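There are 2 protein chains.
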Amino acid sequence: MNVYRPPLDEFRFLLETFGYSENVHSMERFAEFDLDTCTDLIESFATYCVDVLLPLNEVGDKVGVHFDPEARSVTMPEGFRDAYQGFIENGFGSVPFDPEHGGLGAPFCVSTLASEVMSACNKSFSMCPGLTAGLVDALEANADEVLSAKFLEKLVSGEWTGTMALTEPQCGTDLGLITTRAEPEGDHYLLTGTKIWITFADHDMADNIVHLVLARLPDAPPGIKGISCFLVPKFLDDGTRNPVFVGGTDHKMGIHASPTCVLNFEGAKGWIVGEPHRGMKTMFVMMNAARLQVGAEGVALGEASYQNALAFAKDRRQSRSLDPKKQDRDAAADNILVHPDVRRMLLTVKSTTQALRGLVCWISMNYDIMHHSADEDARKKANDLVALLTPIIKSYGSERGFLNVSEAMQVMGGAGFTQDWPVEQYLRDVRIAMIYEGTNHIQALDLVGRKLPTGGGRLMRVFAAEVQELLTPALADERLAALAQPLAKEAQRLSQTTMELGAAAMADNEVIGAVSSAYLNQFALVTLGYIWLRMAKQVVDLPEDDAVRRSKLQQARFYMEVVLPEAGTFAKRVKVGKGPVTEIDVELL
Amino acid sequence: MNVYRPPLDEFRFLLETFGYSENVHSMERFAEFDLDTCTDLIESFATYCVDVLLPLNEVGDKVGVHFDPEARSVTMPEGFRDAYQGFIENGFGSVPFDPEHGGLGAPFCVSTLASEVMSACNKSFSMCPGLTAGLVDALEANADEVLSAKFLEKLVSGEWTGTMALTEPQCGTDLGLITTRAEPEGDHYLLTGTKIWITFADHDMADNIVHLVLARLPDAPPGIKGISCFLVPKFLDDGTRNPVFVGGTDHKMGIHASPTCVLNFEGAKGWIVGEPHRGMKTMFVMMNAARLQVGAEGVALGEASYQNALAFAKDRRQSRSLDPKKQDRDAAADNILVHPDVRRMLLTVKSTTQALRGLVCWISMNYDIMHHSADEDARKKANDLVALLTPIIKSYGSERGFLNVSEAMQVMGGAGFTQDWPVEQYLRDVRIAMIYEGTNHIQALDLVGRKLPTGGGRLMRVFAAEVQELLTPALADERLAALAQPLAKEAQRLSQTTMELGAAAMADNEVIGAVSSAYLNQFALVTLGYIWLRMAKQVVDLPEDDAVRRSKLQQARFYMEVVLPEAGTFAKRVKVGKGPVTEIDVELL
Numbered sequence: 005m006n007v008y009r010p011p012l013d014e015f016r017f018l019l020e021t022f023g024y025s026e027n028v029h030s031m032e033r034f035a036e037f038d039l040d041t042c043t044d045l046i047e048s049f050a051t052y053c054v055d056v057l058l059p060l061n062e063v064g065d066k067v068g069v070h071f072d073p074e075a076r077s078v079t080m081p082e083g084f085r086d087a088y089q090g091f092i093e094n095g096f097g098s099v100p101f102d103p104e105h106g107g108l109g110a111p112f113c114v115s116t117l118a119s120e121v122m123s124a125c126n127k128s129f130s131m132c133p134g135l136t137a138g139l140v141d142a143l144e145a146n147a148d149e150v151l152s153a154k155f156l157e158k159l160v161s162g163e164w165t166g167t168m169a170l171t172e173p174q175c176g177t178d179l180g181l182i183t184t185r186a187e188p189e190g191d192h193y194l195l196t197g198t199k200i201w202i203t204f205a206d207h208d209m210a211d212n213i214v215h216l217v218l219a220r221l222p223d224a225p226p227g228i229k230g231i232s233c234f235l236v237p238k239f240l241d242d243g244t245r246n247p248v249f250v251g252g253t254d255h256k257m258g259i260h261a262s263p264t265c266v267l268n269f270e271g272a273k274g275w276i277v278g279e280p281h282r283g284m285k286t287m288f289v290m291m292n293a294a295r296l297q298v299g300a301e302g303v304a305l306g307e308a309s310y311q312n313a314l315a316f317a318k319d320r321r322q323s324r325s326l327d328p329k330k331q332d333r334d335a336a337a338d339n340i341l342v343h344p345d346v347r348r349m350l351l352t353v354k355s356t357t358q359a360l361r362g363l364v365c366w367i368s369m370n371y372d373i374m375h376h377s378a379d380e381d382a383r384k385k386a387n388d389l390v391a392l393l394t395p396i397i398k399s400y401g402s403e404r405g406f407l408n409v410s411e412a413m414q415v416m417g418g419a420g421f422t423q424d425w426p427v428e429q430y431l432r433d434v435r436i437a438m439i440y441e442g443t444n445h446i447q448a449l450d451l452v453g454r455k456l457p458t459g460g461g462r463l464m465r466v467f468a469a470e471v472q473e474l475l476t477p478a479l480a481d482e483r484l485a486a487l488a489q490p491l492a493k494e495a496q497r498l499s500q501t502t503m504e505l506g507a508a509a510m511a512d513n514e515v516i517g518a519v520s521s522a523y524l525n526q527f528a529l530v531t532l533g534y535i536w537l538r539m540a541k542q543v544v545d546l547p548e549d550d551a552v553r554r555s556k557l558q559q560a561r562f563y564m565e566v567v568l569p570e571a572g573t574f575a576k577r578v579k580v581g582k583g584p585v586t587e588i589d590v591e592l593l
Numbered sequence: 005m006n007v008y009r010p011p012l013d014e015f016r017f018l019l020e021t022f023g024y025s026e027n028v029h030s031m032e033r034f035a036e037f038d039l040d041t042c043t044d045l046i047e048s049f050a051t052y053c054v055d056v057l058l059p060l061n062e063v064g065d066k067v068g069v070h071f072d073p074e075a076r077s078v079t080m081p082e083g084f085r086d087a088y089q090g091f092i093e094n095g096f097g098s099v100p101f102d103p104e105h106g107g108l109g110a111p112f113c114v115s116t117l118a119s120e121v122m123s124a125c126n127k128s129f130s131m132c133p134g135l136t137a138g139l140v141d142a143l144e145a146n147a148d149e150v151l152s153a154k155f156l157e158k159l160v161s162g163e164w165t166g167t168m169a170l171t172e173p174q175c176g177t178d179l180g181l182i183t184t185r186a187e188p189e190g191d192h193y194l195l196t197g198t199k200i201w202i203t204f205a206d207h208d209m210a211d212n213i214v215h216l217v218l219a220r221l222p223d224a225p226p227g228i229k230g231i232s233c234f235l236v237p238k239f240l241d242d243g244t245r246n247p248v249f250v251g252g253t254d255h256k257m258g259i260h261a262s263p264t265c266v267l268n269f270e271g272a273k274g275w276i277v278g279e280p281h282r283g284m285k286t287m288f289v290m291m292n293a294a295r296l297q298v299g300a301e302g303v304a305l306g307e308a309s310y311q312n313a314l315a316f317a318k319d320r321r322q323s324r325s326l327d328p329k330k331q332d333r334d335a336a337a338d339n340i341l342v343h344p345d346v347r348r349m350l351l352t353v354k355s356t357t358q359a360l361r362g363l364v365c366w367i368s369m370n371y372d373i374m375h376h377s378a379d380e381d382a383r384k385k386a387n388d389l390v391a392l393l394t395p396i397i398k399s400y401g402s403e404r405g406f407l408n409v410s411e412a413m414q415v416m417g418g419a420g421f422t423q424d425w426p427v428e429q430y431l432r433d434v435r436i437a438m439i440y441e442g443t444n445h446i447q448a449l450d451l452v453g454r455k456l457p458t459g460g461g462r463l464m465r466v467f468a469a470e471v472q473e474l475l476t477p478a479l480a481d482e483r484l485a486a487l488a489q490p491l492a493k494e495a496q497r498l499s500q501t502t503m504e505l506g507a508a509a510m511a512d513n514e515v516i517g518a519v520s521s522a523y524l525n526q527f528a529l530v531t532l533g534y535i536w537l538r539m540a541k542q543v544v545d546l547p548e549d550d551a552v553r554r555s556k557l558q559q560a561r562f563y564m565e566v567v568l569p570e571a572g573t574f575a576k577r578v579k580v581g582k583g584p585v586t587e588i589d590v591e592l593l
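Sequence order for the protein chains is A and B. According to this note's numbering, the stretch in the first sequence is residues 5 to 593, in order. According to this note's numbering, the stretch in the second sequence is residues 5 to 593, in order.
Just so you know, the hints here were simulated from the structure itself, not pulled from any lab data. There could be a bad hint or two in this list.
Intra- or inter-copy, both count: the list cannot distinguish identical chains.
[Stated by the list, open to error] Listed next, the in silico DSS-like pairs over lysine-lysine satisfying Cα-Cα at most 30 Å (straight line):
#1 Lys-329 / Lys-158
#2 Lys-318 / Lys-154
#3 Lys-154 / Lys-576
#4 Lys-576 / Lys-158
#5 Lys-229 / Lys-285
#6 Lys-576 / Lys-493
#7 Lys-154 / Lys-285
#8 Lys-229 / Lys-154
#9 Lys-158 / Lys-541
These figures come from a predicted structure and were not determined experimentally.
For reference, chain A alone in the conformation it holds in the complex (with noise of 0.2 Å):
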């Protein structure tokens, strides 16, 4: 029993709500795409997904992937390249990418909140083309003419897939540590070494694979700075397989249908992209849209969970409402609904998810205004909004899920706990996006780290410009000063916590490392309650009884009141600062 269906309603609202038609539309790159033509391609998009993906989610799960060691190769579950195929055939690949290369040229803010349907139909699908389609981004920023006239439009199209090999076994996190080796040979390189982790790195949906690796020149200084980016065919042009084979696959908690796997280079042919010793750049290239992406996965699993627990719930009758007028005395029990505490858990994941969607839908946004905007401001602006709210999205969105599939679950009771239902799945599928693409720490320590002190703060100010500039009219409009007045408190919070972060960590770097991750989380719901203010804002002034209206300002009620304040608890964390942590005998541990 599954219930999904995409929110597409939801899709269009914030297409408006963060004005889609005068920053994006307006753009001479997207004269095409005015905003019916947008919800038209997300709603063919997503009718695949629910028609074609959706069907084989539980069997990806069930039968999950084959490894056959003779041949090295791994076989996906029946019905997945039938699946890719139709999907290729269709241009799904190929929405977002320069139509010189082949792609639509659509809109990056319309494919991203189409690929969130694509994640919650089949979230380990969905992970081969949105592999292939960071591979494509990383090429259209860092190839020349010859590599990307080698491949660039097979990926594009999806014919080829696309992968990232960076995880070795001494080093995840750490890439500084990686020892594959490439020897110059002619005009290519040979690379020898294992990778980890590696996700579809082999499996049978397309005709060839390309491998975005990671490894070392001969001449390369140690750590970082020492890492180039190389390309890895499976197949070469004259149709030779290239020495690089899958060792093994993974067995995980989730994500069955997504191959896992060790993969052996043994004298692999490859290309360099980009600079030499350069190749941590050409990767972050991917990584950014790749961890907006993930963040994206925590709401598609909210979202489809939800849909699942609010299904099960109107159709449940279990114990009587505490307030005798709401008791339904023709039956012997009343509609959960009624209970207060049912309640507040879906709205506990609906007010979230829809507030992590809206920050999802304005990162997105932000990323064509800074790449195609005629007007460099904007695209500074942007650029700067991308920047800081990238690794808020990746680890509050992929954390928030994993708890509101939990929460979902709760809804459901025992049921839930079944594989009756899809919520037990989509749990063990959301855990992995905390760690993977950066653990959550990661991005904590890039957001504290690394964003906030660019350009001295510069980050931060052009965030908390547009959070005042949304506060100052809607605290004076008394239809939106009680949803206004929490976010200002916590706003001003947030300014004061920076500042003393700031200072704290000038005094002693490994502030940063102790307090980061609450401090992260603490941004991260000030930034939900300021995407809930402007969804508030765009409702306000249609007709009380309309239904949009009711349910978007009661939501935003829900979130200001109940969900906010827990900003409190970690700006208190981030306060306390390192000694709990450091001041410790480590080895008492």
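Add chain B to chain A, keeping to what the hints say.
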């Protein structure tokens, strides 16, 4: 890979901290059980768990139970029957029971601490003796001599096992909706109906299974006041099969080696326990101990996850310390224990796990006092504390346990998500504890709706007096004051919240439903603070370089400064009241 070892030193430390010798050993019933005897008993029990049950944990998860629809019977994974037979041959099933019925007569606090090891080694297995123990409790309190002779000794020895058959398709939380019927016939009854989610309703580990069944007599009034309680064995005295059959087993996210069954009563013979229509009273005897046990499951899997995460962390090198003085220049990277966030995660898990275990010990010791003390006042006070704190340990123990297993997984990064380590299984196994034995919100309703009003707030006054008695000297002791101050502040806030909630609930009953879950968490955080202060007081006179003293004081500090502040968020949520969840259009959810 699973490095788990029973925390035997912790068990002894807690028995000392909570005054085992003065409070329990001093009672006539436990004269033979001095502290050394108890710790020896726990050790031999724990050794059996580690040697026999732990090796079956992974196979139990992978293979699961087998249901044969022809025979309508369940087969356990290989090795489980032998492990169970060895378990009862060693007398481990009868540790806390009355010697009059063949039990060992050990204190409940001892068997409860020992049970943690069984859950940690094999949670699925542990549920079978756990349910049997609950049934023995119910029968010791309620059964007449005839029934005792018929069933009790076989259950105490573990030769037969027990179940709790409550839930039906239309009712779990709301047992008033039960429809299973019991028709009188001679000295017994014939039961007809369907139960679902019956744990260990069938298996091949023991020779007979006795179901404690809630059902209605023909003259039963409707609702919860018309429920009676029956014993229904799988096999009758003459060896014939009683017509009670398993109709299927559920497929679940975790506890795969614990059969969860549909159970059909097809005119099965049963014997009534206790008075007609008073079945809930009998069942509640069973449920209180079971609820404590469920909270302890969160401790067990939190502890096991912690130990594995710590072992991983000790071995893993990644990145550099942010403090140059801590960098290990002989290696390519530092051990991850230098990273403050890794310590933060480990300390979160450890400090909450140790405090929850302390709470389990304190409650279970009060259990012994309440049943066996010669002093009536002591019995009353102990009874009040058990009643008040049982919903807290069940709810917060299971929720924190779930979060702790997840946090331990986060320490391990991708490795924790794979089946190479046991943590992913623990996450799947522990999640059910938030749902069964009364969902966590049911615990909150029990706390606020039933326990707080008892005797005009007497239970809370007993608890508050305990806290104050500990706080007053601690605040005046310069070695403890820094720990006592945050607790004093939060204890004061809890009193305030309790008073305000009482007043609000009197005016409007629905408030309880809306905020009781938040209130329970606030209460739990203060309770764990109390436990930490008791543990700190226990060690404060030891030499300053004593390892136990250092470890406990460091953890206590972490708890008070980093964990406890969350109580403030929950207090705010209680204060907000019911508006955000009741003043909504429920059809817009």
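Against the structure, the hints:
1. Lys-329 / Lys-158: neither (64 Å within a copy, 50 Å between copies)
2. Lys-318 / Lys-154: For Lys-318 and Lys-154, the Cα distance exceeds 30 Å both inside one copy (54 Å) and across copies (45 Å).
3. Lys-154 / Lys-576: neither (54 Å within a copy, 60 Å between copies)
4. Lys-576 / Lys-158: neither (51 Å within a copy, 55 Å between copies)
5. Lys-229 / Lys-285: within (10 Å within a copy, 70 Å between copies)
6. Lys-576 / Lys-493: Close inside one copy (15 Å) and across copies (14 Å); limit 30 Å.
7. Lys-154 / Lys-285: within (21 Å within a copy, 76 Å between copies)
8. Lys-229 / Lys-154: within (27 Å within a copy, 77 Å between copies)
9. Lys-158 / Lys-541: The answer is neither: 44 Å in one copy and 69 Å across copies each exceed 30 Å.
Checked against the numbered hints above, the structure violates hints 1, 2, 3, 4 and 9; every other hint is satisfied.
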